[in-house]
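Enquirer: What follows is each chain in one-letter form.
There are 2 protein chains.
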Amino acid sequence: MRVVTLAGGVGGAKFAHGLAMLPGVALTVIVNTGDDLELHGLAISPDVDTVLYTLAGLANPETGWGLRDETWSAHEMLARYGAPTWFRLGDRDLATHLVRTRRLHDGVTPTDVTGELAQALGVRARILPMSDRPVRTRVRTAAGWLGFQEWFVARRHADDVLEVRFDAITDARPTERVLAAVATADVLTIAPSNPFVSIGTILALPGMVPALLDAAAPIVAVSPIVAGAALKGPADRMLQTLGEESSALGVARHYAERYPGLLDGFVIDRADALQAPAIESLGLRVLATAAVMQDEADRARLAQEVLVFAGELRA
Amino acid sequence: MRVVTLAGGVGGAKFAHGLAMLPGVALTVIVNTGDDLELHGLAISPDVDTVLYTLAGLANPETGWGLRDETWSAHEMLARYGAPTWFRLGDRDLATHLVRTRRLHDGVTPTDVTGELAQALGVRARILPMSDRPVRTRVRTAAGWLGFQEWFVARRHADDVLEVRFDAITDARPTERVLAAVATADVLTIAPSNPFVSIGTILALPGMVPALLDAAAPIVAVSPIVAGAALKGPADRMLQTLGEESSALGVARHYAERYPGLLDGFVIDRADALQAPAIESLGLRVLATAAVMQDEADRARLAQEVLVFAGELRA
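Here the protein sequences line up with chains A and B, keeping their order.
Sequential numbering from 19 applies to the first sequence in this note's numbering.
Sequential numbering from 19 applies to the second sequence in this note's numbering.
To be clear, the hints were calculated from the coordinates, so they are not data collected in a lab.
Fair warning: this is a prediction, and the values are worked out from it, not measured in the lab.
Idealized CB from N, CA, C, for every residue including glycine.
Among the clues, some could well be false.
[As the list claims (entries may be wrong)] Using C-beta positions, here's what the derived DEER-type ranges look like:
#1 B:Asp130 x A:Ala289: 57 to 63 Å
#2 B:Asp130 x A:Gly165: 43 to 49 Å
#3 A:Leu122 x B:Thr202: 30 to 36 Å
#4 A:Gly165 x B:Arg158: 49 to 55 Å
#5 B:Gly162 x A:Asp87: 55 to 61 Å
#6 A:Trp104 x B:Ala198: 38 to 44 Å
#7 B:Val310 x A:Arg173: 34 to 40 Å
#8 A:Pro79 x B:Gly75: 34 to 40 Å
#9 A:Glu56 x B:Gly100: 47 to 53 Å
#10 B:Phe105 x A:Leu122: 18 to 24 Å
#11 A:Glu134 x B:Gly246: 31 to 37 Å
#12 B:Pro152 x A:Ala176: 43 to 49 Å
#13 A:Thr103 x B:Gly246: 31 to 37 Å
[As the list claims (entries may be wrong)] Facing chain B, according to a computed beta carbon distance under 8 Å, are these residues of chain A, among others:
#14 Met95
#15 Val117
#16 Ala222
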C-alpha cells in the first residue's frame, strides 16, 4: 500500500515512523523545508533530519530531534572561537550537514542528497524534501519579522506569532517526485505537525493543494493538539494568536476553512471526543483514538488505525 | 627580542612553543601551508593548526597533533555516510575548520583568519601562514606523483620519495607580514622540521630566500635528525632517497648546498657531536646540546640555548 504523509519535525517524524513500521506499507514522507538554515557555512535541514534520524532509529529519545549518543565537542570549541552557538549542532549531526553541504555544492539536488543520506542510514521509506528550491518561513511578532529558527530556537518561540509568511515560496514548486507520490498514493495523511509552520509551508507551495485535491486517495489529518495543548512546540499558542481556538476542533476548522475540500478524515484523541460532532459538521469524518505517541508501539498502533480509518473513508 | 621561526608541524610547533615560553621574546612563527587540503568542503591547514593548538596549550600530548580531550563522533558518522575518512577529523578540530572555511568564504585572508583563531585561543605569538595563496606539496614515488596528504596520511608515508614539487609555488608569495617579520627579526631560526616538505616549502616561495639572506639577524637551524633518525615523520628516509645521508650532517649539507650562505649556525644533539667538525667545515657554527624535546621544560631550555647561541653568532 502506497502511503504518503506530509510532515514537519518531531511529531511528524514519530507518526511517519509508525507508518514505516507497518508491514506492506511503501511510505513516502514529504517534509517541510521552510525551517532550513545555513550556519557555519553548512546547509541544515532540521525537519528532514529529524525524519531521517527517527526512521533510522537514531533519534535522541529524550528530545525527539538530534541523534542519540550525541557529543558536543565541536559546539564547545565553536563557542571558544566566538562562533554563533544559539543553534546547537551535535558532533554526529555535524557529519550530516557536512555531507549534505558537500553534495549540494557538487550540484546534487536536496531530494537526491536526502535519498543518499537515507540509504546510508538504512532507511527504506522515501523521504522527500517538499521542494528542491529554497523556502524560508518567517513569523511576524511584536518584535517584528523573525526568521523561523531565530524565533523558534534562538528566542525559544516565546514571542506570539501574529502572521506567517514563506519567503521565496512563489518561486518554489513541489518536486516531480512529490507530485508523483501524491498522485499515486493509496492513502494520503497529514501528520500531527504544526498546521501553520510545518504543514502550512508544504501546502503553500504553488500547485501543492491542487495536486492533493486531484489525488484519488483519501486524505486524513491527525490533530497535533490534544486536550487543548500541543504535543510538542507552539502550535497551541499559534492557533490562538492566528485566530483559532487551541483545540483539535480549531485545527480541523483551520484546515477546513483554509483548504476547502482537502481533508476527508480527521483523527483526534479520545480526550477530545466531545469535539467530534463539531468537527463532523465541517464535513470531515472523525476517528477518536489514543493519539498521543508515548513509545514506538503507540506510533505503529496509531498509524495502523489511521490507515484502517482511511480505508473506510475510501470504501 | 623579536624572534622568528620557520616551522612545519609537530617538531616545529614544539620548538615554537619553547620560544613562546621565554620571557622577553616576541615570537613570530612562519608556518608551512603546502600540506593544506580541502576535505568535506572544509579548508584544513594541518601545520598551522598544529602550531596553533600547541601554542594554545591544547595539543594532544600523545600525538603532538590534534587537540587534547578530542572526540570522534562526527568521524564515525561520516564513515556511516561513506564519506572519505582517511584523514581523521576530530570533533573539536572540526570547529577550527568550520570557522576557518567560513571566514575564508567571507573573504578574510588565511593570515587574518589564523590571527583570529589564535586570539580566540589566547595565543600571544604571531602565527603567520607562509603565504595567503595556495601552494600544494606533491611527492613523486614509485606509485607516481601523490598529493602530500595522500602520501603522508592515506599511505602513511610508506612510499619512498624520489622528488618533491610545490604546485602553484610560482604564483605564491610570502605575505607582507612574513617579509616584514624576517626583515625586522633579531634572531631567525629554522625549527627541527622536515627540510624538504616543511622548511623546503617555505624556502621555495619566490622571494623568501633572498629576504632571509638580506635580513640582518643571524639564522640558526635546529636539526630534525638525531642519531640518524627523524624525531618525527619521514625526514630520515627522505634524506636518503633524495641524495643525502640520514644524519644531522646530511641536513646541514642539504641546507648549505641548496641555500648557500643562508645558515649561520646549526644546532645538533650531543649524540651527533662527532659530526660537528664536518658541519663546521661547511661554514656553519655548531651548537651541540640536548636537542630532543621530551617535555615542555625541554622545549623552553632548547629555545633558550638556541637564542644564546644566536646571540654569540651575531656578536
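Enquirer: Against the structure shown, which of the earlier numbered hints fail to hold, in ascending order?
Expert: Hint check: 2, 3, 5, 7, 9, 11, 13 and 16 fail, others pass.
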